[in-house]
Structures are given as structure tokens and as C-alpha cells.
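Chains as they are written, first to last, in the working numbering: chain A, -16 to 230; chain B, -16 to 230.
Calculated directly from the structure, the hints in this document are not laboratory data. Mixed in with the good hints, there may be bad ones.
Copies of the same chain are indistinguishable here, so a pair counts whether it falls within one copy or spans any two.
With a straight-line cut-off of 25 Å between C-alpha atoms, the simulated DMTMM-like cross-links for lysine to aspartate or glutamate are [said to hold, decoys possible]:
id, residue 1, residue 2
1, Lys114, Asp194
2, Lys114, Asp49
3, Lys154, Glu95
4, Lys(-13), Glu35
5, Lys219, Asp62
6, Lys219, Glu95
7, Lys230, Glu95
8, Lys180, Asp33
9, Lys88, Glu178
10, Lys88, Asp194
11, Lys180, Glu79
12, Lys139, Asp67
13, Lys(-13), Asp33
14, Lys15, Glu26
15, Lys139, Glu26
16, Lys139, Glu18
17, Lys(-13), Asp62
18, Lys154, Asp62
19, Lys15, Glu126
20, Lys154, Glu26
21, Lys154, Asp33
22, Lys139, Asp194
23, Lys114, Glu182
24, Lys154, Asp108
25, Lys180, Glu217
26, Lys230, Glu35
27, Lys180, Asp62
28, Lys154, Asp212
These are the residues of each chain, in order.
There are 2 protein chains.
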Amino acid sequence: MSAKIVTAGVLMIGDELLSGRTQDTNLRTIAKFLEPLGVQIREARILADDAETISNTVREFSDRFDYVFTTGGIGPTHDDITADAVASAFGRGISERADAIAELKTRYQDGELNAARRRMARIPDGASLIKNPVSQAPGFQTENVFTMAGVPQIMKGMLPDIEHRIEGGAKVYSRSVPAVGIGEGDAAAPLAEIETKYEGVSLGSYPYFTDAGRGVNFVARGRDESVLDAVEHELKDLVIELSEELK
Amino acid sequence: MSAKIVTAGVLMIGDELLSGRTQDTNLRTIAKFLEPLGVQIREARILADDAETISNTVREFSDRFDYVFTTGGIGPTHDDITADAVASAFGRGISERADAIAELKTRYQDGELNAARRRMARIPDGASLIKNPVSQAPGFQTENVFTMAGVPQIMKGMLPDIEHRIEGGAKVYSRSVPAVGIGEGDAAAPLAEIETKYEGVSLGSYPYFTDAGRGVNFVARGRDESVLDAVEHELKDLVIELSEELK
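Please construct the entire structure, taking both the sequences and the accompanying hints into account.
Printed below as a string of C-alpha cells:
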């Protein structure tokens, strides 16, 4: 079992995410993609379409995390500035690349490949392309930074060409135990006790409220599945105990 | 018309948001709450349950933005550390407060108000409470930072007691024009032209792909509604023109 902890940061780029116009779902997709690879997202940011902020944040995240994923801002319009910001973050030039034009030509006829669409072939110097089987305009990898589209279906389509480039780490497993009708405050003290007892396990409790009543989901996360099995057992006993007290 | 630009930053706190277990929806709720008040969200971050990161980021955001909103990490369990992190960000002490206990007592009988639940009455020194009509455990305001619950229904319930504390600014209006069947790349050049022509207007184009085909939504944002009306008119003409070309 590898003990290495591999980390990632995610940047979601676009004014529309901050104005409330668009609900991001990409973070969750990326998290679920990275989980089986043993890569943990440590921080995510939602940034406005501002070149300097994007560039500075890409630089900072590239230094802080093993991998960085960006979504959004690589389309054909004037507010698509992510490629330039990534180039600037690494002090690299950027220009229209033949390999990217070739990808676009599999989709667009010569007449359709106007100046706006050619913008999507501007790639930071030395970056490698990421295949886009949905709409062909490629993403790209610059050092440890993967730059992807913002439209969820297109972003998802790029992940298979990223997977083989990731050197994963220790996989984190989880066990989830539901506690219907239990209040989070009743479980807090025994929960903290269980966490103290098992090294390398982190316990979370996630309350919910529905028309049918309240409840909590306990989630144990850790790298050793046999330890997690023991924790799951204790959590189930705890739920039975708390349910008895409620009667 | 006030010309003042009022900004906000949002911090969503919790490992479960980064692991992909939970889909955040609070950012969008807060954005829609702030829009009519004339407050623009400039950046949002999703942070792990790490005291130092939360504390440093609260400090940074409090300096950079007019208002800061945090969600998550104020429940009764050991991983709820936001109150302590906010106190530390402002170099303030934190202790159990009588006014917060009084709020909890409207919900919990004496026997139910155990040590875990009393944790929810720990408030940074000098902060004022934010009413929680859903589950009573209060949020709190520390200088320009509003600390709210993470559970969406509870967070939403706290907003009415925040609204009267916000000094809003110039309201940003928007006009949305759908372009069914149009490719984003065909619209990019004329779109940039329209944006150049109207000062104070920002134009975005948001492509979508469904089973029924592709399309783009054009969104114009700005502070002057009469200018926006003119832009909307031009966008509608553009859609007609592009649709004609497709025939």
C-alpha cells in the first residue's frame, strides 16, 4: 500500500458561476474521477474572468498541489482568456498550433474555421494537447496543470485522455452509515471518541432535513479498509444505541 | 443611480464538498440573494476543514471584499471549526455566549442541551448573532464577515437577518437572448463588436449541447437598463442574421 499523499487543486473559471447564472457541477465530476486514482482535492476556487487573478492563482496552485485542473474560458469568444492566463502563469509564449488546428479540422469545414474558432487552437508553448471527443477543440496540459472546457459534457469527455498522465497515491476509502431520526448533537461526543480510537481515520457527520424528518449520515474515510470495517461496525452499534435512547 | 461597486467573497467550508460527496448549491443561493442588493461576488473558495487555511482565507477575504460570507462548519461535532477559525482570523477570543444559549433553549430541552450542542453557542467576542429560524443554532457577524450554516435550508433561513445589514451598491441588470442552433464560434466576432460599442456592458456567451441540438445563450450585463435594452435589440438582430446564414 503506497503511503504517498497526492493532492490536487481545482479552478473553475467564469463570471457566470459567480453571478448565480450557472450552477457548477464540474468540481464534483473531477473529485469522483480522482478518487479511485488516489488523488485528493485540497482546495477549489471559483474565479471571475480576470486575466491577472487567473494567472496568479494558476501559479500558486501549481506550486502548492501535485496536480491542478482548470475548467472554463477556452472557447472562441473574447471573454475566453484562460489559455493566455495559463501561458502567462508559466512565463511561456502562446500561439496557434498546427496540431490543435488539425483537431479542429476534424469538425469544421474550411469555411467554418473563422478567426474566432482558430482562437481555440492557441496553446501555451510546450503544452501537450488533451483530446476532446465531444467538440474537438482540445484542452491542454502545461506542466502539472490540466486546462479543460467549462461545459460539463465536454469537460467530462476530456478526462479519459488525462487519466493516464496522473501518478496516483494512496487511495482513500470511505464507509457511510445512515442514522435516520438521530440528531447530530446527540452523536457528536461518541463520534469524537471513535475517531480518537482509530488512527488514520477521519469521521464526518452530515445532517439532513427532509419532509420525512431529520437524520445524519456518518462517513468514515481512511486508507486501511480493515480499520474502516471496524469503524463501520462501531458506527452501526452507535446508531442502534442512539435509536434505543430515543424510544 | 449609485455608481459604487460593492463586492463580496464567499467561502464554502467542508471536506465533503471537495471529496465530491456533497454538491454545493449555497454559492448560487447567495449570488441570487445579493444580486438585487447590488453586491457582486468576485471570488469563491471551497476549503477543507483545516483551521489555519480557513483563518488565513477569512482574513484575506475580509481585507479584499466589502462583505464575506462563509457556509459550513458551525455544527456540534469535532470537525466544526469555523467559529474558532473566524475568531482567530480577527485575533479575538471565543466563548459560550448567553444570547446564543438562549436561542438554543427555544429548541432544546435542558436535558438535550449537551456539551456538543453547547459548542454551537461559542461565538467570537464582539460578534453579533444571525437568527436561525430553521434549527435555532445562530450564525454570527464578525466585522464584515457573515458566518452561516452549511445545510442549504438552514443557510437560506439566515439570509433575512443579514439583508438589513448590507449596504448595497449599483445594481447590475442583465438581458438574456437565446440563440437556438447557433454555434458559439459563428457569433464570437459580432459579439465582440457589440461589446466594444456599448461602454459599461459585458457580454457573455454560454454554449449548451442537448439531445435536441446545440445553441448559445447570450447574456448582457450592465448598470444602465436603457443601454441594455439597446444591446438586447442588437443581439436579437444578430440571432436572426446568423439563423438566416444557416439556411
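> Which numbered hints are broken by the structure, listed smallest first?
Replying inline: Violated: hints 3, 9, 11, 23, 24, 26.
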